[in-house]
Amino acid sequence: MPGPGRAPRGGYQKPKELGKTVRRLLGYLTRSPLPLVLVLVCLLTSVAANLGGSYMLRDIINRFVWSGCTDVAGLGLALVGLIVVYALGAVAAYVQSAAMVRLAQRGVNRLRRDLFDALQDLPLSFFDQHPHGELMSRFTNDADNVQMALEQSLVSLVSSALMFVGLVTLMLVINWRLFLVTLAVLALTTALFRLIGGKSRRYYQDQQTALGSLNGNIQEVIEGLRVVKAFTHEEQATADFKVRNDAYRDAASLAGFFSGIIGPVSHNLMNMSYALTACFGGVLSVLQGFDLGGLVVYLNYSKQVGQPINQVSQQMTALLSALAGAERIFAVMDAQPEVDQGKVTLVRAEGEARAWCWSVPEADGSRRLVPLRGDVRFEEVNFSYVPGKRVLKNISLYATPGQKIAFVGSTGAGKTTITNLINRFYEIESGRITYDGIDVRDIAKDDLRASLGMVLQDTHLFTGTVMENIRYGRLDATDQECIQAAKTANAHSFIRRLPQGYQTMVTGDGANLSQGQRQLLAIARAAVADPPVMILDEATSSIDTRTEKHIEAGMDALMENRTVFVIAHRLSTVRNSNCIVVLEHGQVEEKGDHDSLLAQKGRYYQLYTGQFQLD
Amino acid sequence: MLKMIRRHLKGYGGQAVAGPVFMVLEVVCEMIMPLIMARIVDQAIPQGDTGGIFRMGAAMVALALLSMFCGVMGAKLGINASQGFGANLRLALFEKIQTFSFADIDRFSSASLITRTTNDVNNMTIMLTMGLRIMVRTPMMLLSALIIAVTINARLALVLVVIIPLMTLAIAGIMGVGIRLFGLVQRRLDALNEVLQENLVAIRVVKAFVRRDLEKKKFQRSNDDLTDAFLRVGMRIVALMPIMTVCMNGATVAVLYLGGRMVMGGQFDLGSLQAFISYIAQILMSVMMVAMSLLQLSRAQASARRIQEVFDATSDIQDGPAGDRLPRPQGRVEFRDVSFRYAAGGEGDDVLSHIDLDIPAGRFVAIIGGTGVGKSSLVNLIPRFYDVTDGAVLLDGVDVRDYPVEELRRRVGMVLQTNVLFTGTIRENLLWGDPDATEEDLVRAAKDAQAYGFIMSTPNGFETHLDQGGVNLSGGQKQRLCIARAMLKKPAVLILDDSTSAVDSATEAAIRESFHRNLKDTTVIIIAQRISSVRYADEIVILEDDHVAGRGTHEELLASNPIYQEIYQSQQEGVEE
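So the protein sequences, as listed, match chains A and B. Reminder that position 136 of the first sequence reads as 136 in this note's numbering, one-by-one numbering, no gaps. Converting from the second sequence to this note's numbering requires adding 615 to each position, the first position being numbered 1.
In isolation and in its complexed conformation, chain B is listed as follows (with noise of 0.2 Å):
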């Protein structure tokens, strides 16, 4: 956690350095003013020395000032050493994650990577906020306050040496079991919103079976636990402040017996022993402290944790070494003996085994099959979302893992089968394909998917705004959006992955007549389910489980392969009567 906390702070190491040197400045001043006390006390008041009353009086009130100011200046430049740590770490995290592959992303969830890049960097930058004010000013005044204790009376400081690690051993106990439990609350809680989450989700279900009671008593379960667990750490937690205090009045009071004594003997005085039951307090307080920003630290190490798992992910796709070598860009696309699996070298059976496929540029080709056939992994490897486990994807006879990964995913344009746009206007959505792109790049763009006619009725047209990713827009809108950001690429290799399953049959084939029309050069591969998706295609590819289970066009295919005679019978009866 110490590397990462010195590798993030760049740029603001001055200001963590200083804030603490102010705050230990404040703790020196603060340290001081008992002492003064106590001279006060013991030699101004018995002498009647009401000038030197007041003049100490005024050096402790200057004391006071020039601590609160060094207290200000730590507590400046310790936020902004904070902050300034928390900001480049996001940012470091955020980069980091832009280089993750799709099997990064499956592995760690979106979810996971959002809560990470927000909570766990937070409670991090929490932790230095505190740590920086308590883990350097907190064991300076327990230092501090120690020394000037045996200072002032080292016989009377042995008292310390039987309440100090009592009360360490009372909180160490204490919070040893709390830690503990906080694990178990924290898991109960995630129960809690898990059924929760569900519930809402699927509430429709819930009211149309009529399952409200199931539902009740689930979460009813999920509550008592919740609770049992917050109890079972509420009344460890509660016993600490009860016990702190005891020690620290246990103390005073062995401190006023023993010091008393020794007043009484004349070898202390009234004003010595008042300071040094102050110092006690400073000094018991301080351990305390100490204690409980260790359970900030706690805390914060597992935060440190999930996000060093995100840092030490070593992407699997990295950059490929043909940078300078790389042919025009044509469009050719060769799968050699390809086999895949998601979870590489783990269980789990091949998606795909064994394809050879070789598609020359410039054509349209259509991928059909079943539902979890492999038909998006297979699309999936060619701008390497993920790798291939054995084989080779080569594009333009270049291996895809040769190529700089932004350089083929240039090449390579892909609609994906969830549709994603971001905050925005249509425009700026648009411009993700190419920021370059001339007001008539973007009219004919959008023209080609079809989008046109709908964009301008909108109230602003290509300035209309998308909230949350366009939920004001319905599904083949968006996919005509996706589609139109993709050409607007122009890449050599446009893949559609069911992109298409909510546009209408005429819009589709509107668009599929644009392709032809302006994508002649450009090699297209297609995924749909609908025979009319696919009837026009140059080639069509049936997978069947992993492997392809035929090739050819409509005509061909029709002809000779059952498979396709039956999805083809399964969506044409009764059309053609």
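Looking at chain A on its own, in the form it has when it is part of the complex (with noise of 0.2 Å):
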């Protein structure tokens, strides 16, 4: 179900403000309207030229080229006039295209980069909403066609208008009689075109939704391509295949028949109009002493006249899909960016241990310090992703530094959730969330977060080396402090058995790398960052009980005194946590250490031996 922001399949849809989009669009391809000036003159001139030079034939035919005249060196003089002429106009040409490109490269070149930025500045809940191949369409289909449209459609539509002008003028001129038949060859062109333009469309959309059911299948089972061997089911998704690649091939067929005949058809009609533009203009010529010159040349205007209408319906299309890629990227541009009001930032404090303060302005534009101790409360925090649908309800806990504080609770109870709030990457709805006495709307965001270190659920790595990535968590790091990271996450022993120990290249989010390899890497990463506060989202859940054991004395240097969230399926994970917090539909259902709380014998009792789902 295509929702409204989804990307296109056909090239068809229509920009919805029109005037708004072209105008912005217009601000990225020059600021100055100098160098458009620049490129309408060479237009100009090169259309006059093309149109002027071959209309200085007629008189160059007239006086020159019969039988009986002996005036070469006027001829030649003649003709030099003209290579004069077209040399000007193949001149402006090329400054005009050369121009036109450099403009729109470095027009879509700005659009790209605002976008990006744009993208950087949107809170989750937008990235969220929106799935990362529709994003990258605005990158890659929506920019490419914006760049075609500013490159050639815009230029092409004036200059085929130019000409199209032009050429009418001059026929009107040469034979206003003859042009009458041109007109209604004209007028038959224009139907058919109609006529058949609409067919191809609503048979280019089959087409494309075809094509979109037959490269979803190929997607599904390619990458599903394990289990279809597994089941051996080969020959049932050939055959499933093969119903959609037919049924694609009937499509593009149709759609593409009356594609291809635009072309014979329209081609075919100028031959006619040539034709009887040729025996009318004989004619008149026989009747009325229509000049030879003149026929010579009106029969090559008229076999180009067709084709700035061709052009005109070609680059509209074009034109109208890239406008339509330009209000969907500006609509990305134009979306609301994370809420961001907080004055307090974070800086270090003066004197030897450097220790890192808040600095909360006051009234009178004096700050005041506030030591960083990590001290998180939640109060009555009531949140939801979609309105109307309360994620967290209630919530009030707090967690004085240096304290160990995990969640646990069933697949969507809220564990991440609530970690997600503290750094602000959700907006709450009610309700307060305070860090150090300080309610964290009043942070800076940046500050906030860089007070937060993040091992997240899915760990992603970037195309970079291993020691690139481990510094991504602290730009400044040198490489000892980063390979002591390693150490303390314990990846410092599978990362020296990589084929280039620390410049090992990691690609493809880390394909290359285990899924476990991949997780102490974000530790090491975090570890790295040293910050104050420090968030584990399933951390571990991707390494062996046993490697875990391992990184355990690591993971503890991570968190000593830090306050540190943990959220953990696996139960051994949170045992010796300062609180336990158990959730249930967004709701605390149970605090307390682990032995008053099995002391309790209530949900985290049963969720520890096993009488209770964790699904």
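It is possible that part of the hints are untrue.
Below 25 Å or equal to it, Euclidean Cα-Cα: the simulated DSS-like pairs (lysine-lysine) are [claimed, not checked]:
{"no.": "1", "chain 1": "B", "residue 1": "K832", "chain 2": "A", "residue 2": "K445"}
{"no.": "2", "chain 1": "A", "residue 1": "K343", "chain 2": "B", "residue 2": "K831"}
{"no.": "3", "chain 1": "B", "residue 1": "K831", "chain 2": "A", "residue 2": "K445"}
Sample of chain B residues at the chain A side, in silico, Cβ under 8 Å [claimed, not checked]:
{"no.": "4", "residue": "S682"}
{"no.": "5", "residue": "E813"}
{"no.": "6", "residue": "M850"}
Quick look at which bits of chain B chain A covers, simulated, 3 or more residues with Cβ under 8 Å [claimed, not checked]:
{"no.": "7", "segment": "815–827"}
{"no.": "8", "segment": "1044–1051"}
No wet-lab data here; the hints were simulated from the structure. Here the structure is a predicted model, which means the values were calculated and not measured. Here a beta-carbon is modelled for each residue, glycine too, at the ideal position from N, C-alpha and C.
Dock chain to chain to rebuild the complex, using the hints, since each chain is given by itself in its own frame.
Dropping the structure here:
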């Protein structure tokens, strides 16, 4: 079900706010009108040279090209003039296209940059609602279309229009009676175009639908090929594929037929126009003394006059779909960015320890320093991702500095959500979260997040060396510090065994590493950041318990003197927390340390003794 | 590439031939028209023969209509042939991919196989559509225009001897550079997409570490690189059209001068001159079109090569010879001195070395060990997802390489680590296990896999539609469906590769219980991390590094095996205090 923001399949949807989008896009093309004026002048020159040059032929033919004329020098001279005009046109055409390419490329570069920059400022909820593929297609399909349109369609439209007007004018000047014939054929051409174009559009939609279904099938089967093979389901899969493949072939043949005949049909209509013109022109020449030079030139023009129409209909489609693409790009740029009105910043205090402090602005303009301790409190927090569907209800809890707080509960109970609220990935609906007594909404977002280390459920690495990936945690960390962090996370030993050690390239989100190794790197990355508060969201879920045991020392070092929030599936991981919070359906069901919770014989006890499903 | 085209045009050969024939007819009709026009100008007009003018005009209109008909037919047959070819090629490619071994999939990567089946095949189809039209029509046009031009005035045609090489040189020069730079553009585009994709996938990491500015810098670097490449191509390509125009107009002027002098001398007629000029234009246009289509061709060439690579891959997993001499399926699995590495022959360490293991039929065996010690690799050898590098794996006394692959996999059921379900209803997904399963079979399998409860709690039960492979299910639910699917297959050997990791202990125990009850004769091999998942197994195998580091029951291992003790300790601490 394509939503409103869904990537386009066909190229035929229309932009909604044409004028606004065009203005904004032109802003990207150039900020000053000067280059555009240059382009326009060159365009006019090249069109005029082209048409004027051919028109000069009329006179040349009439004056020199007839049996008995002997003025060879005159002919030569006239032709030199013609060459100059043509050369001028060619130079103007080159300057114009080169200028356009430069403008368009620079413009699209700016467009992509602004889009990416805007994207970085959008809240996570935006990324939740928009699949990656869709956002990617803003940068690829849509930006490509815009680029093509700016580079070619725009100019092509203007030049076609100029060309058409020029041709019609010149044809009228040469012989208006003959033009009536041309007009009739033109009218026929336009009518046929509409007919074929309409059909072509409709079948094109069918083709795209069939293509979507075919490609979806291919993707699913190839991605799941291992399962297909495990179940020897190859024949069935092929049969399913064949149905879609044939359907696509038929749809594509039909659509291709209609788009394929546009060429021959229009081409031959022009031939017909040529024939009729030749015929009537001949008659006019016999009966009314219509000059032969005029006839020859007119015939040339009548062959060309169909082209601009053809061009306009093609380029209009390209332009409209580019504008629709631009509109989608602008929609992303205009999406509401993350709210950040925090004024409190994170600073290093003077003195030996260089401890982290919050710098709180006072009413009188001075700043008060509050030492960062890692005291996090939730006060009656309510939250929902989608309005009306409350995920967290009335959560109140506190973590005093140096404590380890663990969240347990079934999938969907709201464990990850709670941690996402501390760093303001999402905004709470009501209530308050304070950090060292300061409302998190008053803290500048970047500083807030810099103070919180996170190891997330899904580890993501970046293309680059292992060393660079660890350094992602703190950009100014030395190699030594990175290696030290890797040792803390117990990642050092496996990294050393990699082909190039710390210089081994990580590619494709760490596809060349095992899940466990990736997680160790993510832990090292968090360790090098050395933040006062740490959030570990299922950080060790992909590491076997024995290896986990081995990195426990490192993890303990990582957690020492920090406030730590831990989410874990494995209860052995959370046992020694100061406080274990059992969440169920977005509410705190139980709270306490391991022993007291076991003694309560409540939900935690059930979970722990395996009497209740954790799913 | 031509061989590929010929092979996959099967069934559309007639259209592929008839299409161009019609196109040739179209060209011929079109080529005659300026000749008739010349006669109007040179004969009918000077003689004032209006009847003649009308007759010739009618002939030209008729020719145009005929040409149109031929053009439409040519388009129809051409598109049918090329789309038919595309469908054939896609099917052949798809079928080939179905024969791939896991090693082949690793080597090509799913993403690249998908692009080859979609984009590359499309490029080939487009190429053929264009090719049939331009590669046939244009050279025909070039040839016939050339012949007519020479016939009209051979001396004047000498202009072409100068202009065609000049033009070809210019085109070749620009395009040569262009093609090379297009490669650069493509690489830079890939680089940009990579930065983008990583950023999107890891947006939480980016935000958590506040690396917005670093990411923006990274992106802008790729963005500028891309623009730079585009500009380098663009600035060269835009020279093409003006140069062509200059060549064309230059030729016209030259012909006018030389031809005009002939007309003055009475050796040539104005009408013929006019016709000659239009042929010259045709010729030069055709030269340009040929060059353009060569550019297209070079792109299709790259696609053809990528497709050919897939066809050339000889799957290392071939059917064995023992098709008719197979033992009754019982489920005994033996590993005899098995060594395995992923890139056979290449570098890389052995993942498994000299493994000896005998699993009698009907046993419940658990394999446990650290991350990356080769547990999955070991079980993947049984259904021949990979082949051993050394030694042999035997199923019921026969080397698995001697089984027909399909028969082998029918006997060995496997629940993979990554749970893949397919678009369709829950019922359709379960029927993968056994297309002939009855309603009772389905319900029993679902109950055995502890999936029945949640299936029935969905709005449409077994008919509930799974979108995109089950995004609407939790991890544990997907795992249970996958187990049910495998159980329906009723294999002799059932392998579960860490397939209950997202299922809680109690549910897992229930699944184990139903295995015990209903799969008494089935050999069950499970890989697991949790002691609770393995402790009731008939035998537990401990893998450490690349070898077996211990075997026995839970009690035996707990008493004697230090590794097992350590694993046990790490999970049990505090539970039994």
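Cross-check of the supplied hints:
A C-alpha spacing of about 20 Å is found between B:K832 and A:K445, which places the hinted pair at or below 25 Å, so the restraint holds. Between the alpha carbons of A:K343 and B:K831 the distance comes to roughly 24 Å, so the proposed pair stays at or under 25 Å and holds. For the given pair, B:K831 sits about 18 Å from A:K445 by alpha-carbon distance, which is consistent with the 25 Å threshold. Evaluation of the B:S682 hint against chain A yields a held restraint, the C-beta minimum of about 5 Å falling below 8 Å.
Annotation: B:E813 was flagged as interfacial toward chain A, and the flag holds, the nearest CB pair being 5 Å apart, inside 8 Å. The interface hint given for B:M850 is met, as the beta carbon of that residue sits about 6 Å from the closest beta carbon of chain A, less than 8 Å. For the segment 815–827 of chain B, the assignment as covered by chain A holds, since 13 residues bring a beta-carbon within under 8 Å of that chain's beta-carbons and 3 suffice. For a cut-off of 8 Å, the count of residues in the segment 1044–1051 of chain B with a CB near a CB of chain A stands at 3, and the three-residue condition holds.
This entry satisfies every hint, going by the numbered hints stated previously.
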